[in-house]
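> Top to bottom, those sequences are chains U and G.
Using our numbering, the letters of the first sequence correspond one by one to residues 709 to 794.
Using our numbering, the letters of the second sequence correspond one by one to residues 445 to 862.
A few of these clues could be false.
In silico DSSO-like cross-links for lysine-lysine, where the CA-CA straight-line distance does not exceed 30 Å [to be verified]:
{"no.": "1", "chain 1": "G", "residue 1": "K511", "chain 2": "G", "residue 2": "K600"}
{"no.": "2", "chain 1": "G", "residue 1": "K511", "chain 2": "G", "residue 2": "K663"}
{"no.": "3", "chain 1": "U", "residue 1": "K752", "chain 2": "G", "residue 2": "K663"}
{"no.": "4", "chain 1": "U", "residue 1": "K732", "chain 2": "G", "residue 2": "K663"}
{"no.": "5", "chain 1": "G", "residue 1": "K600", "chain 2": "G", "residue 2": "K585"}
{"no.": "6", "chain 1": "U", "residue 1": "K752", "chain 2": "G", "residue 2": "K511"}
{"no.": "7", "chain 1": "U", "residue 1": "K732", "chain 2": "U", "residue 2": "K752"}
Note that these hints are calculated values from the structure, not bench results.
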Amino acid sequence: MLVIVCPHCGPRNSDEFTYQGERKPRPEVSTTDAAEWRRYLYMKANQGGWATERWFHGSGCRRFLMLERHMSTNEIRSVSQVGETK
Amino acid sequence: MTTREKFSAWGLLRHGLSRSPWERMWDHHDLAPSYDVVIVGGGVHGLATAYYLARNHSITNVAVVEKSYIGSGGSGRNTAIVRSNYLTPEGSRFYDRSVELYEGLADDLNFNVMFEQRGHMTLAHSDSSLRTMRWRAEVNKLEGIDSSVISPEDVKQLAPFLDITDHPRYPILGALWHPPGGIIRHDAVVWGYARAAAALGVHIHQETEVTGIDIAGGKVTGVQTSRGAIATGTVVNCTAGWASLIAAMADVTLPITTRPLQAAVTEPVKQFLHPVIVSGSLHTYVSQTSRGELVFGASVDPFASYSTRGSLEFATGLATHVLELMPGLANMRLLRQWAGLCDMTPDFGPVIGPTTTPGFYVDVGWGTYGFKAGPVAGESVADMIANGRPGELIAPFGLDRFEAGTLTAEKGAAAVGH
């Protein structure tokens, strides 16, 4: 079991969280077209190594978190709340 | 081209009595400076593609490049179940062709792949899953596939140790019964394709890792490997969980997330379980090999990863679910637990066809059911390369469907929930 150190709740087992996929820039909604929006929805880098990804602490503080996790070792090097990341 | 000794009962007897050695199943070759087609990934998809290119289309100047040993990825890590009772017409047509090829594979390859059509039974524990199964059965029947919904009494006949009373937490309300489904020796499929492809002149390069793909003028011109460079105009990506890494070398982005799928096997016991038993609600599937081990699988891990380490929560969760179904197994011991990497797509359908980089083809996105598609994928990809365009069976699964918004809908037919 992964242990994720939630900035609000402290160290918690990963089954309290929902994995929501890798972080990617969202196209501007007012100007985007269908093809660009679908690329944003469906295409993934999925390159392994260190990845920045969003998790939802559904069984805890119910906040959205940004994790930096290594895709081969599952080591987590940072956890922050979405909106407070660099 | 080298001719291989034909395997037969007579040959077995002769070798046994004379103690003469068997010839190698495939030879080691130096890298040739160029190939017509380079297939990345030496699993069942890559080797089947090479075999059908050589056999059906006489394209024999082909290399299969594998970074480890052949069958070391998903082809050697799946739970070896074959079936074609999918939910959509395009899905069931496709897998039906695969079952057909598997049925004739041992003769075709002159290699015993130990395909046992024991029947495939998906249990329904709720009204809604029974409804989905009726839907699946009707779609299957229209495609000419042997598939029907059966009653709990029929379930009891086929698998007497299952409890069909209303006592369990997940009572058995019926099942989708698919007699042509079954299990196969997955390593034998890999070796059989490798041996047959090698006999037709295909070069199999193991321990040869692709480190780059050369592109000039927007087109593929070659492949860089850990053993040197190869010139080629056609590259096929058959690397499943690693597909995104190879695609990035050709400037192609895929709609794929790599997720581990864990499985486990028990100590061998006397034969008691004939059909393959699947329970979507309990997230598990069980079959008994001809050696007597029980093979268990589950759904994919809850987050993306390239790690093939097993986890304790998988083993405990699996045991809980299996015992719910078959309490009598409580004293059995697990022998091994492992993980394979699945290339999951947003619509759970494969991605197969050309890409935006001419000369670079993909046969990926197979997720949790790549093994059972191996033969038909190989046949279809070979046909696409020889004819320059995707055939009818694979046309719905192109990479362009994601941008066009024409996704397939196979999620409901995956063996267990995602």
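> Would you mind marking each hint as holding or not holding in the structure?
These are the hints, each one checked on the structure:
1. Note on K511/G and K600/G: the hinted pairing is violated, with a Cα-Cα distance of about 46 Å set against a maximum of 30 Å.
2. For the hint pairing K511/G with K663/G, the CA-to-CA distance comes to about 24 Å; that is within 30 Å, so the pair holds.
3. In summary, the hint linking K752/U to K663/G is supported, as the alpha carbons are separated by about 23 Å, within the 30 Å threshold.
4. A hinted pair counts as satisfied when its Cα atoms are at most 30 Å apart, and K732/U with K663/G qualifies at roughly 28 Å.
5. A threshold of 30 Å between alpha carbons decides the hint, and for K600/G with K585/G the separation of about 24 Å falls inside it, so the pair holds.
6. The hinted pair formed by K752/U and K511/G meets the criterion: a straight-line CA distance of about 23 Å does not exceed 30 Å.
7. This hinted pair checks out: K732/U and K752/U have alpha carbons roughly 9 Å apart, not beyond 30 Å.
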